[in-house]
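> Assemble chain B onto chain A, guided by the hints.
Going down the list, the protein sequences come from chains A and B. Whatever position you read off the first sequence (first residue = 1), add 23 for our numbering. Whatever position you read off the second sequence (first residue = 1), add 312 for our numbering.
Treat the hints with care, since some could be wrong.
[As the list claims (entries may be wrong)] Restricting the straight-line Cα-Cα distance to at most 20 Å, the calculated cross-link-like pairs of lysine to aspartate or glutamate (EDC-like) are:
| # | chain 1 | residue 1 | chain 2 | residue 2 |
| --- | --- | --- | --- | --- |
| 1 | A | K257 | B | E376 |
| 2 | B | K959 | A | D238 |
| 3 | A | K162 | A | E32 |
| 4 | A | K257 | A | D243 |
Think of the hints as simulated: they come from the structure by calculation, not from any bench. Note that the structure is a prediction, hence the values are computed from the model and not measured.
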Amino acid sequence: MSDGPLLTEAELRGLDRLRIIRRRPSSTENPGDWRTGRVGSGALFADHRDYVAGDDLRYVDWNVYARLGDLVVKRFETEENLELTICVDRSLSMAGAKSRAARRLAAALGYIALGRLDHVRLAWLPTLRPLPVSTHRGKGRAGALLDALASTPDEGRTAHGQDVARILSLTKRRGLAVVLSDFYEPQNLVSGLAGLRARGMDVVALHVLDTDDVDLPLGDSLLAIDRESGAEVKIDVTRAFLDSLRATWHRRADALERWCVQREILYQRMEVHTPLWDVLAEMLGRGITVGKAT
Amino acid sequence: MSAVALSLQLAAPAALWGLTALLPIVLFHLYFRRRRRVLVPFTPLLLESFGPVKREARFKRLREAASLLARVLALLCAVLALGGLRPAEADAKPRDLFVVIDADVTTAAREADGATRLEHARRLARAFVASVPERRGAARRLDARVSVLLAGLAPRLLVAPTDVRDEALAALDTPLRPAPAEADLVGALALALEAARARPRARVVVLSARDVQVPEVPEHVQVEVHGTGSARADQGILDFALQREQDENGYVVTLTVVNHDAVASTRRLTARIDGETVDTADRELWSGQTEEIVALLVPAPQQSAWLTVALEGDDAFPANDVVEVRLAPVPRPSLLVVHGGRVRPYTAAIVKALAEEGLVDEERSGFVRSSELARAKPRDVILVDGVSLPADALRPGAYVFLAPLGGTLPFELGPEVTQPLIWRTAAGHPLIRDLDFRRAHVVRGRTLSGAGLEPLAYAEGRPVIAEGERAGVRYVVLGLDPEKSMLPVQAALPLLVRNAIARLARAPLAPLKPFYERGEALRPEVDLPGGPAARLTWKGPAKDEVLAAAGRGAAAARLAPEGLVWRVPVGAVGRAQVTTGTGTWTGDTAFLDLDPDRTIAPVRPAGLAPAPAQARSDPAKRWRHGLLALAVLFLLLDLALLAHARKAAYRG
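Excised from the complex, chain A in its bound form (with noise of 0.2 Å):
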């Protein structure tokens, strides 16, 4: 990949004042600074509930006692470090601005894990050989993670779901996954968030959109070739083959996104020329995937 670095130095210093947010707690035993929303045995003070026989005393609230007379006890926040599985999606139906754009997204999301410590895992699909995954943890691997993201040729056909179970087959952690794909699969566009989604993962869909995809010379007539089977298909481009067109783009990210949302994945749209900051200033507005660093 080239037309130069991922990120800028401006976009890598605004970056460093956010942080990403779980939306569900970790069952994993690998405590950080990483705040969960779980309550436990954190350092962070979260409320109060009523004491129950059977709790640890050293967690009833004596000066709550001593004021009014109710015994409580005081509850924390669980801090854990956070696993972040980027799984960016490079078969040829990407390459162009989509594979930019997701690339940058990735770049910009693992950057912002890399910077509180978490482990930040990169995944290609279709994988790359010999090594599925690439594991980054601290800002210093940073580097390494943009140059990865910028290196790796687009190529292949896209198969999520055999490309997944081999990326699951190599770890046991689950933490959150986030997939940036078009999702142009021919048999079962779902199948890769599927399998992540049933390893537990708390899963987050962006889905790249382009609308050149679906903006072909009206009045052509055409040799449509796929970039990634080959297959030709003859078209006369008109008005209304257009209008079909499109609207089987569209009522295809809805069918995906109410698949997502049945299964409690995030699924969210990002336009290829759709500024990051804007991208990122979404995922915030929904106020799961991305806040500011605290």
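Same frame as chain A, now just chain B:
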């Protein structure tokens, strides 16, 4: 119409090199009609989108082919325009024009506008003459010679070869008359072709609705045949026959009628004698069918009269709707009764009855004693009533003998019959048809014999009633004596006498037949004075044309052994009065021209009048402008196709 080949020539053949521009046009077309190859990320998305829409745009390929054709044609027209394409004859002098107008009898047919077909032909001929361009620099002078022939009974030169426009047109302003019979179109065409062959370049235009066989002509002669009408709503009489009824009191008219029209038609047949209607019949005539009709009965006139049989009502061709013939009068012979001194009562009664019935001319009839017969004025029939004739009294003529007693007779008398009962007759003979002798009591009778005698009734096995002829004496003889018998009071004797008089007196009262058809021999049974130099003339309603067609005022008749023989010529149609050269004898008859093949149904559509000649312009310039206009037209068509293609793409 013969095909006219158009030969073209190029002023600058080098311009054909411009056709090499066809190559980039075709390559351009092939390049843009190919499908552009594009890489797409996901073809299943395209396939899924094909559901409600067509994979290929409608008529796209057809539009592309039409567009290519329009471009090629535009280039072709432009190249030919630059090359100076024009007809090879563009600068040639116009052809000399020979117009042949068919004036057949069928050109009397009226077209939808009321004008006759011949009138249409005249207008067409005028238009053809007017289409000949004028010579440059010579006002009113044509650039070619024109002439017009009229094909009537004989070809006639209507306009002699001339190049003076007004002279030719003035000759064609005169109304023309159709010929009374079939026109000699073949002869007229042959004359025109003969004249055309002598010219360097000639054009022969035949104006006729009939079938025309055009002979082989040399290349420099161009022959065209144009129709002159389209009317076919005609019913006509094809054949006519007239028969006398058996009782001599009337005629039976037999007609053959055809309907040339495309639809059935009901026409009324009417028979008139001297204008007075005597019989009518309505007949439905089916389309295209020929039908023989025996329907009209007309009484025999007392005097000679004209019988007119007509199809009433209007049609396009009235000339074949009427037939007119001359009816001979009922024979009214004069009768001379020869008696022995007094007329027997029953004989006087019979003569009176015959006179009252109009069967005998009473004024010219009379009675005479047998001894004075030789001095009596000649009569048509002599009735010898039971007396003997003197030796010198029997002259050639017609005789009826009642109960002959002896003397000079044209037959021989046999023995008397003892039982004069008639037991056998020649029942079919006209003389005794419908007579019944069985109940008649006869007192006496004599048997008959002799050369030339034909028995009609027998008693005791021998003839007692007979007819015959000997030495110019034609006779009917009744051997039974009616006196003192029951024969006179029965119906037999008066009828026998009436039949005998009518049979003997018929000739020569009708020397001419009621009508003669074209080409038929006319043999009047008259004594012609003047010997071999006798001539026959006639006059009728079409006298002028007949005489013109015959070429002289009278037709020579041949004096054959059987008498005067004259053949009815073409054109002698209508009422006619036949007169000998010396004017001693005159008779009326009719000449009919009934041709079963005659029809007004045209074999070709009516021709269109050519446009009048315009001021002659440069033909090369006209062709160049025309070709350039065509090139522009094709380019505009190409643009329209492109616009339509774009519109179709947006519409889907």
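> Evaluate each hint against the coordinates.
Quick rundown of the hints versus the structure:
1. A/K257 / B/E376: 17 Å, holds
2. B/K959 / A/D238: Roughly 19 Å separates the two Cα atoms, so the pair holds.
3. A/K162 / A/E32: The given pair, whose Cα atoms are some 15 Å apart, holds under the 20 Å limit.
4. A/K257 / A/D243: 11 Å, holds
This entry satisfies every hint, going by the numbered hints stated previously.
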